[in-house]
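*Asks:* Residue numbers (the working numbering), protein chains in the order written: chain A, 1 to 402; chain B, 1 to 635; chain C, 1 to 291; chain D, 1 to 244.
Think of the hints as simulated: they come from the structure by calculation, not from any bench. Treat the hints with care, as some may be off.
With beta-carbon atoms standing in for the labels, derived distance ranges [stated by the list, open to error]: (1) C:L66 / B:I305: 41 to 49 Å; (2) D:R30 / B:E412: 49 to 57 Å; (3) C:M5 / B:I305: 51 to 59 Å; (4) A:P396 / B:W283: 40 to 48 Å; (5) C:A62 / B:W283: 39 to 47 Å; (6) B:N376 / C:R163: 46 to 54 Å; (7) C:P59 / B:W283: 45 to 53 Å; (8) A:A198 / C:L66: 20 to 28 Å; (9) C:V69 / D:S140: 36 to 44 Å; (10) B:G152 / A:E194: 48 to 56 Å; (11) B:R598 / D:R30: 52 to 60 Å.
Partial chain A-side listing against chain B, Cβ under 8 Å, derived [stated by the list, open to error]: (12) L77; (13) P112; (14) P310; (15) D312.
Among the chain A residues that face chain C by a calculated CB cut under 10 Å, a handful are [unchecked claim]: (16) G44; (17) F210; (18) E291.
The structure presented is a predicted model; accordingly, all values stated were derived computationally and were not measured. All C-beta atoms, glycine included, are put in the ideal place defined by N, C-alpha and C.
Here's the letter readout for the chains.
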Amino acid sequence: MIQTLRPRGLGALMLGAALATAATAPAQAQSAEPCIGASWELTGALAHTGLQIRYAVEVALDEINEAGGILGQQVTLRAYDDQGEPARAVDNAFRIGEQDNCVIMIGGFRTPNAIALREPLDEMGLPWMGVISAGTRVIEHETGENNWMFRVSMKDRWVAPFLVEHAMARAPEGRIGLLYEATGWGQGAVPDVEAAMAEQGMELVASETFNIGDTDMTAQLSRMRDAGVEAIVFYGVDREADGVLRSMQRIGFRPEIVSAWGIGGQLGNTAGALADGVLVAGTFSWWGELEPRAQAVLDAMVERFGLAGPQDLLLPSGTANAYDAIHIIAAALEIAGEFDREKLREALFEVSHEGIVANFDPAFERTMERHDAITPDAYRLLAFHEGILLPIEQTPFGDASN
Amino acid sequence: MNVSPRMTVALTLILGVGALAFLPWWGTVFDSRFPTSFELRIVLRVMIIAIVVIGLNILVGAAGLVSLGHAALYGFGAHVAALLAVNAGLGFVPGLIAAVLGTAVLGAILAYPSVRVRGVFLAVITIAFGLVFVNILREWVSFTGGASGIPGIPRGELFGMRLSPAQRDGFIYYYVVLFFLALAFALQYTLLFSRYGRAMRATSQSENASRALGVSVIRTRTLAFVISAGFAGLAGGLFTYLSLFVNYESFQFNQSIQFLLMTILGGAGTLLGPLVGAVTVFWATVLLQAFEEWQTFAFGLMLLIVLFAMPRGIVGSLQDLLARRGARPRMRETSDWPHWTPELEAVIRPIEGRPDAVLKLEGLTLRFGGLTAVDNVDLAARPGTVHALIGPNGAGKSSVINMISGFYKPAEGRILLMDQDVAGTDSAAMAAAGVARTFQNTELFGAMTVLDNVMVGFHSRYQSGLLRTLVRVPAARWEEAKMRRQALALLDFVGLTDFADERAGALPFGHQRRLEIARALALQPRILLLDEPAAGLTHGEIEDLIRLISLLAEKGLTILLVEHHVDMIMAVSDHVTVLDYGKVIAAGTPRQIQDDPRVIEAYFGHAAPGAEARAEAAGGTVDVSASAANRGAAE
Amino acid sequence: MGNNMQFLLSGLSIGGVYALVALGFSMMWSVARAANFTHGDIFMLGGVLTVAMFAAGLPLWAAAPLALVIAMVAAAAIERFLVRPFNKEANAIGWMLTTIAIGVMIESFATATYGPLPRPLPSPLAAEPIFVAGAGVFPQELLLPAVAVLAMLALYVFQRYTRTGQAIRAVATNRVAAGLMGIDADRITMFVFAAAGGLGALAGLLIAPVIQATTTMGLLIGLKSFMIAIISGITNPAGVVAVAIAFGVAERFIEGYLSTSARDAFGFTLMILVLLAFPQGIFGRKEVSKV
Amino acid sequence: MSAPILQVSGLRVAYGPITAVDGVDLEVGRGEFVGIIGSNGAGKSSTMRAVAGVLAPVGGSIHFDGTEVAGRKSHEMVAMGLAMVPEGRMIFGDQTVRENLMLGAYTRLARRDPDVVDDLEEVLELFPRLRERLDQLGGSLSGGEQQMLAVARGLLSRPKLLVVDELSLGLAPKILDLLFPILAKLNAGGLSILLVEQMASYALAVTQRTYVMENGRIRFSGPSADLARDDRVLDAYLGRRHDA
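With these hints in hand, go ahead and build the complete structure from the sequences.
*Replies:* Structure representation (structure tokens):
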């Protein structure tokens with residue numbers, strides 16, 4: 001029996017079968033379901049990121065559904081766990097795009113997971129909306145073509161000059177060091193920051209990295225101290241930032257820290273007073289005085305998920321971005337007139353929306369660069385003060401403009 | 001019900017490949033949305049992972065080596081294909097070949113330290129390797145893209161077709177992967193049921209017996225590593241052309257653990273285990289998503305339950321169940337033995353040239369630390385005779401056997417095999433040179449069949465190399481059939497024909513002894529060393545064994561016999577050497593030995609003055625002079 | 001030079017963690033010939049339980065010992081119900097996977113209840129660093145190598161001079177002979193697992209104020225400590241502690257003089273090379289194989 | 001006469017598929033010195049291991065001191081008063097002689113038996129060589145000294161029955177001439193002893209009664225003095241037949 005199944009014969013058989021039927025395959029054109037798919041982390045060390053974005057997404061969908069839904073239909077969320085692994089994010093994308101047949105997919109925390117989606121999204125013709133991950137290459141593809149990926153979040157290429165500018169403002173001699181995590185996001189930021197420095201006519205005096213889970217950064221910081229670093233541009237998240245602050249305390253070296261959006265509210269909880277004065281680029285803060293609409297969103301999240309208050313919103317910018325993103329999608333679908341992915345994509349270029357993060361007018365433009373809805377003028381500088389991450393104007397650490 | 005491996009493979013290939021080949025068209029034929037590209041992608045991913053697990057099954061299930069770094073080999077293959085595609089513009093086929101070969105080479109490098117250690121040490125090396133690999137991938141940003149990975153890998157092409165799994169491309173990539181899975185599955189079969197597979201299983205069950213049968217443990221394990229790595233590399237390359245994006249995150253420690261789980265859960269060492277394991281575990285991770293943040297907990301719980309309920313894995317446990325239910329109460333009977341057939345002439349032959357001694361020991365000495373276990377022993381075994389080596393417990397008999405068979409290196413002295421000094425040669429080479437042995441505490445390959453046990457003995461006599469064996473060229477199949485005939489003849493010789501398909505470990509003890517002798521004979525030995533072959537046998541069995549040994553000697557085989565069972569020594573041996581405290585204390589014919597006072601004392605003890613002490617202490621009298629030892633000595 | 005001092009001090013701290021956890025692996029191995037892969041999670045529980053109970057309002061002096069006790073009970077239960085039944089079957093892969101599965105469950109349970117984020121544990125010894133030759137270190141960190149060395153000495157004294165300690169050594173040497181002395185080898189084994197769990201959990205709660213307790217902190221530390229125990233020749237406690245501390249220091253010097261990114265690649269390659277040179281571990285004794 | 005200290009009936013012991021002991025009956029009276037002899041592999045040691053609780057029998061019963069104990073673990077047996085000097089001695093090589101001896105008294109130390117110190121003294125009187133080596137590691141002793149230590153260690157549990165498995169294994173006759181009388185002396189002092197021995201002449205000389213085992217069964221038994229005169233014993237060892 002086995003001899004009849006020689007590899008060659010088998011292969012030819014299968015090729016033949018495939019070819020014979022390939023020509024007759026009909027192109028599937030179907031309208032999509034009124035659902036929004038999501039792939040993010042629900043388990044592991046970054047499990048909170050998926051849960052946090054979910055707060056805002058659910059609240060936004062509640063608002064929309066209570067107001068009659070989109071195009072008269074109630075819209076649901078289908079959220080899946082990717083365990084931080086790109087291949088699983090792709091699995092989930094197919095699940096969302098094909099099995100659930102959702103009209104759009106939103107993305108999670110991790111840049112590699114978003115980058116891995118390019119091909120599958122193209123293949124399915126499924127629009128994707130990022131709400132946190134800020135990697136430049138998520139939106140600006142090397143191929144020069146981006147059909148389906150959009151984002152309501154920051155972009156590292158724009159964040160870098162923003163961070164460098166504020167770091168330079170706090171470094172009298174312009175001695176800036178870069179400290180970044182060894183992830184796609186951290187590593188991806190290196191060229192952006194270097195370019196931003198070059199634009200200022202300067203070079204980084206130190207560039208150091210650390211692994212996720214590292215807690216002792218004395219080696220890196222010692223080198224930075226020896227290099228005379230005055231301000232650090234930081235790409236990392238709360239946990240490692242805590243390690244950085246404690247290592248700084250240990251070696252008695254405390255330069256200014258200007259961090260990308262990865263640091264959220266938790267650093268205040270763990271590092272306490274050590275975090276005072278750490279500056280974080282972001283799009284939003286739920287602390288302090290809020291506009292009425294933002295306040296209503298906060299109240300809704302607090303009520304629905306039993307939160308204690310803004311201190312439980314550990315990704316302040318991410319949650320705000322996600323809230324706006326859902327409204328932008330809803331508005332675009334109203335313009336599209338039906339649950340059709342192609343039409344939704346076209347409509348995204350037509351949407352104007354007054355969000356809580358910014359006034360999106362229009363949300364997107366047809367250049368690849370402007371598949372990012374939030375432009376640098378909406379970036380804000382936040383600062384830790386007494387364990388709380390506030391807009392810098394509400395702290396004693398100066399205002400964002402200096 | 002007994003499904004032969006051959007049928008399993010044939011059925012799986014026909015039904016499985018057929019069903020999988022049809023799957024993409026299900027929706028078209030039955031006009032349903034199923035399968036969507038999500039379902040197909042899951043099937044694709046499982047197929048690719050199954051290839052890794054098949055490879056791991058060869059390593060774990062056959063060679064008994066646990067790798068906790070297999071994800072790294074998989075990732076290496078993926079990166080080789082990805083980097084060659086992006087940087088060198090290499091196409092699908094050359095990329096895949098490079099992935100397989102490159103990973104196999106890496107497997108060989110990894111095997112170097114790995115096969116020399118066992119158990120946890122091996123686990124540590126493979127874990128360390130996996131972590132180093134991921135660390136390099138993550139940090140060598142300029143080469144691997146670091147965590148951002150390598151995106152934009154061009155889709156492969158084959159004969160001008162886009163290798164995409166999408167319907168508009170005729171699911172072509174799906175079929176490519178299916179083809180490789182079928183190929184991997186078929187190769188797994190041809191490998192496991194070849195002499196190489198047998199050698200791997202043999203080394204995992206008894207290193208000593210393997211060496212004694214001329215199977216090099218190191219080489220066999222290295223081979224298992226290399227082949228296993230090749231499979232992982234193949235799967236890695238296929239993954240690259242599926243995902244068109246690779247970064248280190250798909251190849252971390254937890255992925256290695258998952259591969260191992262799939263192997264064990266499916267049933268290590270079984271043919272279908274890797275497929276079942278890969279499907280079960282991967283689907284579980286997809287289905288358990290419903291538990292959200294509790295899903296890993298549910299996953300752990302599921303594993304625990306399966307590991308407890310099915311320690312031999314799903315397929316292994318089902319096989320056991322089937323075997324138990326299907327076991328008809330057929331009495332297996334041992335036929336009359338020894339049973340000589342002409343077929344055996346090819347296996348058991350007299351020594352050519354008739355030298356005066358097949359084996360000669362001259363001044364053989366062995367020391368453990370300060371202790372001299374064997375002290376200046378001389379011995380000569382003439383062709384076609386039975387030479388007995390006897391002595392009380394701890395006299396050094398087994399040590400002598402172990403030196404002759406290459407397990408111990410003598411401190412001094414010469415071991416002349418056909419007048420050539422072979423002292424210090426390693427055991428596998430010694431076996432290949434014609435020294436066959438059995439073990440005091442039978443060292444069978446307990447989980448292998450009785451027939452396979454004997455087939456391992458033929459290992460060093462095969463001509464066909466790995467490639468010919470795997471592809472099953474006619475010459476290789478003919479050779480296998482020949483060895484099989486001879487093995488059956490050997491089983492017939494010891495009366496075990498009826499038990500050929502039984503697990504060797506399940507045999508009654510007496511049968512195990514006989515099997516071990518048959519297996520040793522498969523080496524076509526010049527000299528056969530029997531280490532206490534009668535221990536644990538019944539009277540009847542010993543009678544048969546005596547006839548077997550005599551018959552072998554009659555056919556020209558030279559035998560060195562270590563035995564406690566004195567009846568037997570007296571009955572079969574032509575010459576006896578007696579050891580005590582490592583020294584030769586007597587040598588001669590059985591009759592001479594029997595009445596030698598030194599021998600009696602060595603065996604039996606002399607009249608202990610302790611008897612008098614006891615008598616004094618007890619205040620009674622004991623007739624010491626009547627002690628049997630004294631009488632024996634006086635006779 | 002200040003930096004060298006800094007690397008040394010930091011290395012002593014992490015080395016102390018490795019040492020305490022590896023010491024547990026060594027103890028468990030000695031009596032059961034078993035590597036218990038839940039040990040990293042027991043380490044995690046030490047930190048996480050203390051933080052959780054402290055956050056629930058228990059004073060630190062009560063939370064810490066209570067966490068230790070819970071971790072020890074958990075370790076003993078793991079031995080009784082998971083290692084013991086599987087160890088009898090001599091199926092090393094089977095129970096290695098079993099302990100891995102239990103480890104997954106412990107970590108996942110902790111993450112689902114405690115949350116995935118690190119949470120702080122205040123300690124007066126981790127508030128202000130002290131300075132030694134220009135290098136700064138929290139007193140809390142120096143506690144770790146000190147406790148590790150003390151634990152090793154205590155273990156030595158305990159095994160040398162107490163009845164139970166001698167029984168442990170007897171079980172480690174020869175279970176059968178120990179039974180013939182009237183020693184219940186099973187009970188001793190469970191006791192040792194509990195003690196090892198206690199050391200692991202102690203490391204977890206001592207390091208928590210410095211690194212913040214998270215539910216994922218057990219995996220890598222557990223894995224590294226296990227490997228350290230193996231390469232040092234697992235049955236020699238003094239060797240295990242020495243190698244662990246040396247490894248921690250070496251890691252910091254690799255970070256300091258080469259790069260942070262090279263740390264693990266160098267460290268683990270070093271381990272492979274050590275095993276090549278010393279197949280039984282650095283301080284391990286060759287076990288004579290009998291034919 | 002009171003009930004025997006040890007009564008074994010129908011004992012069966014198996015290692016997987018291999019039956020090592022196949023229906024053995026034997027007994028040891030209180031104060032009696034009983035031997036089991038037989039060639040290698042006859043099942044003597046397996047019988048002893050089952051009696052001492054090192055391995056569980058698959059069938060039969062074992063009454064020790066009036067209680068059914070088949071299947072009890074060895075540590076329970078020690079507590080009940082059965083001490084075994086195992087085959088191969090099983091000294092704790094990396095502990096000192098003193099520590100080895102104290103481990104012998106493990107169960108008594110647990111209940112804080114104050115007589116341990118006196119007993120230690122007594123045992124050291126019996127084996128003066130051990131006194132000289134009290135602080136040496138067990139592993140550094142010679143084979144004979146290790147055997148002394150093994151016996152002494154067994155005595156320190158203050159057993160009702162001492163089971164000695166292959167006292168002569170690997171030891172020179174000189175040492176045996178030293179050791180066997182000590183066993184006889186202990187027995188004379190009232191200790192019940194069950195001795196398993198391959199060196200039949202030594203065993204026959206010191207014991208009162210002897211069982212001869214072959215292939216997992218008792219082949220014959222009787223007063224040692226009688227067996228010592230019985231040709232069948234020697235022939236069983238040397239393979240000689242009466243008709244030969």
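*Asks:* None of the hints should be skipped; say for each whether it holds.
*Replies:* Tested hints:
1. Look at L66 of chain C against I305 of chain B: about 31 Å separates their beta carbons, and that is not inside 41 to 49 Å.
2. Distance hint check for R30 of chain D and E412 of chain B: the Cβ-Cβ separation is about 54 Å, which falls inside the suggested range of 49 to 57 Å.
3. The supplied range of 51 to 59 Å is met by M5 of chain C and I305 of chain B, whose beta-carbon atoms lie about 52 Å from each other.
4. Distance hint check for P396 of chain A and W283 of chain B: the Cβ-Cβ separation is about 56 Å, which falls outside the suggested range of 40 to 48 Å.
5. A beta carbon spacing of about 46 Å between A62 of chain C and W283 of chain B agrees with the range 39 to 47 Å that was offered as a hint.
6. At roughly 48 Å, the beta carbons of N376 of chain B and R163 of chain C sit within the given window of 46 to 54 Å.
7. Taking the beta carbon of each, P59 of chain C and W283 of chain B are about 48 Å apart, inside 45 to 53 Å as hinted.
8. Between A198 of chain A and L66 of chain C the Cβ separation comes to about 56 Å, which falls outside the hinted range of 20 to 28 Å.
9. A C-beta distance of roughly 41 Å is found between V69 of chain C and S140 of chain D, which places it inside the suggested range of 36 to 44 Å.
10. A hinted range of 48 to 56 Å is violated for the C-beta pair G152 of chain B and E194 of chain A, which are about 22 Å apart.
11. Remark: the range hint 52 to 60 Å for R598 of chain B to R30 of chain D is contradicted by a beta-carbon distance near 40 Å.
12. Hint status for L77 of chain A: violated, given a least beta-carbon distance of 13 Å to chain B, over 8 Å.
13. At about 5 Å, the closest approach between the beta carbon of P112 of chain A and any beta carbon in chain B falls short of 8 Å, and the interface hint on this residue holds.
14. Here the hint on P310 of chain A is broken, as its CB sits about 23 Å from the closest CB of chain B, past 8 Å.
15. Because the smallest distance between the Cβ of D312 of chain A and any Cβ of chain B comes to about 16 Å, over 8 Å, the interface hint for this residue is violated.
16. At about 7 Å, the closest approach between the beta carbon of G44 of chain A and any beta carbon in chain C falls short of 10 Å, and the interface hint on this residue holds.
17. Interface restraint check: F210 of chain A against chain C, minimum CB-CB distance 6 Å, threshold 10 Å, status holds.
18. For E291 of chain A, the shortest C-beta to C-beta distance to chain C is roughly 28 Å, which exceeds 10 Å, and the interface hint is violated.
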